[in-house]
Amino acid sequence: MNEARRSEITGPAIPVRGNDIDTDRIIPARYLKCVVFEGLGGHVFADDRAQLRERGQTHPFDDPRFAAARILLVGKNFGCGSSREHAPQAIMRWGRGIHAIVGESFAEIFAGNCLALGIPCPTAGADDLSSMTAMIERQPATELRLDLESMTLSGGGRSIDLVMPPGPRSQLLAGTWDSTAELLAGREAIAATAARLPYVHDWRTVSRVDAGRVP
Amino acid sequence: MAQTLYDKVFDRHTVRRLPSGQYQLFMGLHLIHEVTSPQAFEMLRDRGLTVLHPERTFATVDHIIPTHSKARPLADPLAEQMLVALERNVTESGIRFFAPTGGEQGIVHVIGPEQGLTQPGMTICCGDSHTSTHGAFGAIAFGIGTSQVRDVLATQCLAMDKQKVRRIEVNGRLRAGVYAKDVILYVIGRLGVNGGVGYAYEYAGEVFDRFSMEERMTVCNMSIEGGARCGYVNPDRTAYDYLRGRPFAPPAEAWDRAVVYWESMRSDAGAEYADVVRVRGEDIEPMVTWGITPGQSTAVGGALPDPGAFPADERGVIEEAYQYMGFRPGQQLVGAKIDVAFIGSCTNGRLSDIEEVVRHVRGRGFKVAPHVKALVVPGSQSVQRDMATRGWDQILREAGFDVREAGCSMCLAMNPDKLEGRQLCASSSNRNFKGRQGSPTGRTLLMSPTMVAAAAIAGEVTDARTLFDIDTKGAAR
Chain A
1 MNEARRSEIT
11 GPAIPVRGND
21 IDTDRIIPAR
31 YLKCVVFEGL
41 GGHVFADDRA
51 QLRERGQTHP
61 FDDPRFAAAR
71 ILLVGKNFGC
81 GSSREHAPQA
91 IMRWGRGIHA
101 IVGESFAEIF
111 AGNCLALGIP
121 CPTAGADDLS
131 SMTAMIERQP
141 ATELRLDLES
151 MTLSGGGRSI
161 DLVMPPGPRS
171 QLLAGTWDST
181 AELLAGREAI
191 AATAARLPYV
201 HDWRTVSRVD
211 AGRVP
Chain B
1 MAQTLYDKVF
11 DRHTVRRLPS
21 GQYQLFMGLH
31 LIHEVTSPQA
41 FEMLRDRGLT
51 VLHPERTFAT
61 VDHIIPTHSK
71 ARPLADPLAE
81 QMLVALERNV
91 TESGIRFFAP
101 TGGEQGIVHV
111 IGPEQGLTQP
121 GMTICCGDSH
131 TSTHGAFGAI
141 AFGIGTSQVR
151 DVLATQCLAM
161 DKQKVRRIEV
171 NGRLRAGVYA
181 KDVILYVIGR
191 LGVNGGVGYA
201 YEYAGEVFDR
211 FSMEERMTVC
221 NMSIEGGARC
231 GYVNPDRTAY
241 DYLRGRPFAP
251 PAEAWDRAVV
261 YWESMRSDAG
271 AEYADVVRVR
281 GEDIEPMVTW
291 GITPGQSTAV
301 GGALPDPGAF
311 PADERGVIEE
321 AYQYMGFRPG
331 QQLVGAKIDV
341 AFIGSCTNGR
351 LSDIEEVVRH
361 VRGRGFKVAP
371 HVKALVVPGS
381 QSVQRDMATR
391 GWDQILREAG
401 FDVREAGCSM
411 CLAMNPDKLE
421 GRQLCASSSN
431 RNFKGRQGSP
441 TGRTLLMSPT
451 MVAAAAIAGE
461 VTDARTLFDI
471 DTKGAAR
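Each protein sequence line maps, in turn, to chains A and B.
Reading the first sequence from the start, the letters are residues 1 to 215 in this note's numbering.
Reading the second sequence from the start, the letters are residues 1 to 477 in this note's numbering.
In short, the hints are calculated from the structure, not lab data.
There's no promise every hint is true.
Unchecked claim - Once the Cα atoms are required to be at most 30 Å apart in a straight line, the calculated DSS-like pairs of lysine-lysine come out as:
(1) B:Lys-418 - B:Lys-367
(2) A:Lys-33 - B:Lys-70
(3) B:Lys-418 - B:Lys-70
(4) B:Lys-373 - A:Lys-33
(5) B:Lys-418 - B:Lys-337
(6) B:Lys-70 - B:Lys-367
(7) B:Lys-337 - B:Lys-164
(8) B:Lys-70 - B:Lys-373
(9) A:Lys-33 - B:Lys-418
In this text the structure is predicted, and so the values were computed from the model without any measurement.
Throw the hints in and build the complete structure from the sequences for me.
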């Protein structure tokens with residue numbers, strides 16, 4: 001049994017409505033002044049939450065009804081902007097821990113960062129997602145079940161279809177989303193590829209300047 | 001079969017196909033900085049791994065570095081801690097570090113090209129989304145997260161999917177007073193902030209053929225703001241001339257062979273693209289963003305759009321932008337009083353950006369408006385030196401600009417340079433996200449450096465062509 005396999009995630013959900021939510025909003029830059037990711041969970045959406053509080057409103061991440069959430073529901077182009085992995089790290093470390101994000105679409109670097117942490121980011125159609133989000137807003141305690149085998153998100157008497165690029169999906173299902181070991185396994189092939197690149201083997205721009213340090 | 005540069009460079013760097021169907025891609029150049037790398041080095045230590053190719057990774061400090069003094073220890077203990085961690089990591093791993101004390105420090109996307117590290121036909125990555133900048137040289141260059149930084153340190157490789165290629169042609173001529181920054185803001189406005197997701201952008205056409213390398217860098221830099229993780233221009237004589245003689249560029253004896261390789265990587269005539277977008281250079285005006293995404297922009301004289309003119313699912317962000325910015329549909333931005341002006345960043349902090357500002361400001365008695373705080377932050381120590389050699393720093397200071405030392409500064413405000421409260425900032429940077437410039441309620445208007453300088457002097461958003469008496473009859477480039 002490979003513990004890294006991600007085929008099914010179950011639990012309550014938390015909805016964050018809106019499109020083009022960038023990673024500066026997910027985790028403002030001032031919280032990036034750190035050399036470890038621990039402790040970021042409490043700062044997720046810090047400024048959005050504070051601004052809603054000032055207006056007497058409550059951000060979902062401050063709403064006790066969603067405190068047990070494991071699945072985040074978002075809109076279009078979620079996670080755009082900065083490549084900071086601090087964004088999914090903060091989401092992952094909030095509350096009981098968010099283990100999956102379902103949206104209408106995701107920014108590419110953000111989705112890649114989530115994959116590297118074993119967090120699936122499947123997408124769903126706008127109407128499906130909107131009805132699922134509305135249902136969760138009405139009944140926050142509803143348990144959802146995200147199934148990467150059947151590519152569905154179900155719960156509360158409904159089920160919607162999910163889409164995900166085949167590569168990341170198979171990495172999650174196989175438990176190989178932490179790619180370092182797999183990439184290292186190709187060590188001989190890495191050397192062969194490097195040897196075919198003229199800027200590595202011919203003009204060796206790097207070693208010319210740092211002569212003596214490079215084998 | 002005719003291929004694009006993207007396909008050729010991708011194929012050339014493919015190590016193997018992974019069981020997941022993704023590609024293992026060799027990274028020719030890896031750039032690191034203090035914000036997104038320390039956790040990656042910790043992960044390596046936890047796993048007992050070392051850096052596989054330390055000679056292919058280069059480091060700088062840019063995000064947290066103060067711009068008034070780089071004296072150690074840095075005044076901010078958290079910033080100092082990050083710099084110390086970087087110093088330890090590069091020393092232990094044998095990675096070349098462009099330290100502030102060495103005179104070659106700067107924003108990672110400014111110094112890569114400056115040093116000649118960025119070359120055509122390479123794969124380049126960095127834990128920073130603006131790595132797309134390096135595509136100006138005909139490289140596949142893109143931003144990655146910290147776990148991927150770990151992968152590159154340990155294996156010099158990444159697991160990647162192949163992207164589609166969209167060709168964006170800008171033909172004709174740009175009008176005088178219209179810059180590379182306006183071109184990319186116009187393109188993002190037209191294609192949307194997520195229009196490029198899944199694509200690499202290939203920029204081409206007569207305008208790009210005439211662009212300098214620094215202008216190409218400005219455009220490629222903001223590809224990510226249009227959702228495209230990488231954007232590139234096919235390499236040509238302009239790129240080779242820029243590179244020749246730089247510290248890490250190919251030496252004279254290998255130069256001809258390098259050019260042969262670079263030329264071979266150019267997109268073939270007849271290469272197929274997922275789609276082609278054509279823009280007329282003459283249609284582009286000086287642009288200003290008015291909202292909270294880089295796609296929310298208008299020509300400087302334009303009226304702000306009616307939310308009702310947008311598709312239903314985009315209206316939410318438009319209304320959110322109006323609420324946050326305090327603007328209203330139908331109004332013009334010209335005349336909006338600014339508090340801060342910022343010239344710098346990996347988008348527009350290079351020598352030619354400063355040169356253009358100085359060209360308009362010098363010798364005409366212009367002064368920054370008394371209520372405006374105007375910062376000029378060079379993208380690198382090299383830019384800073386070149387400014388001083390030419391006397392430009394003095395000219396700018398006499399005009400009331402605060403000329404600082406190199407760093408990312410107020411683009412993302414991880415150093416002491418921040419907006420306060422709801423201040424409105426005319427900025428040559430790349431992002432107008434909520435809170436981006438250091439105040440959770442601060443507001444950013446993105447524009448070209450020349451437009452920022454004009455706003456600083458007028459004290460409000462203004463058409464730089466009028467203030468600086470730019471002859472709009474003569475077509476520029």
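Q) Of the hints stated earlier, which fail here? A) Violated hint: only 7; rest satisfied.
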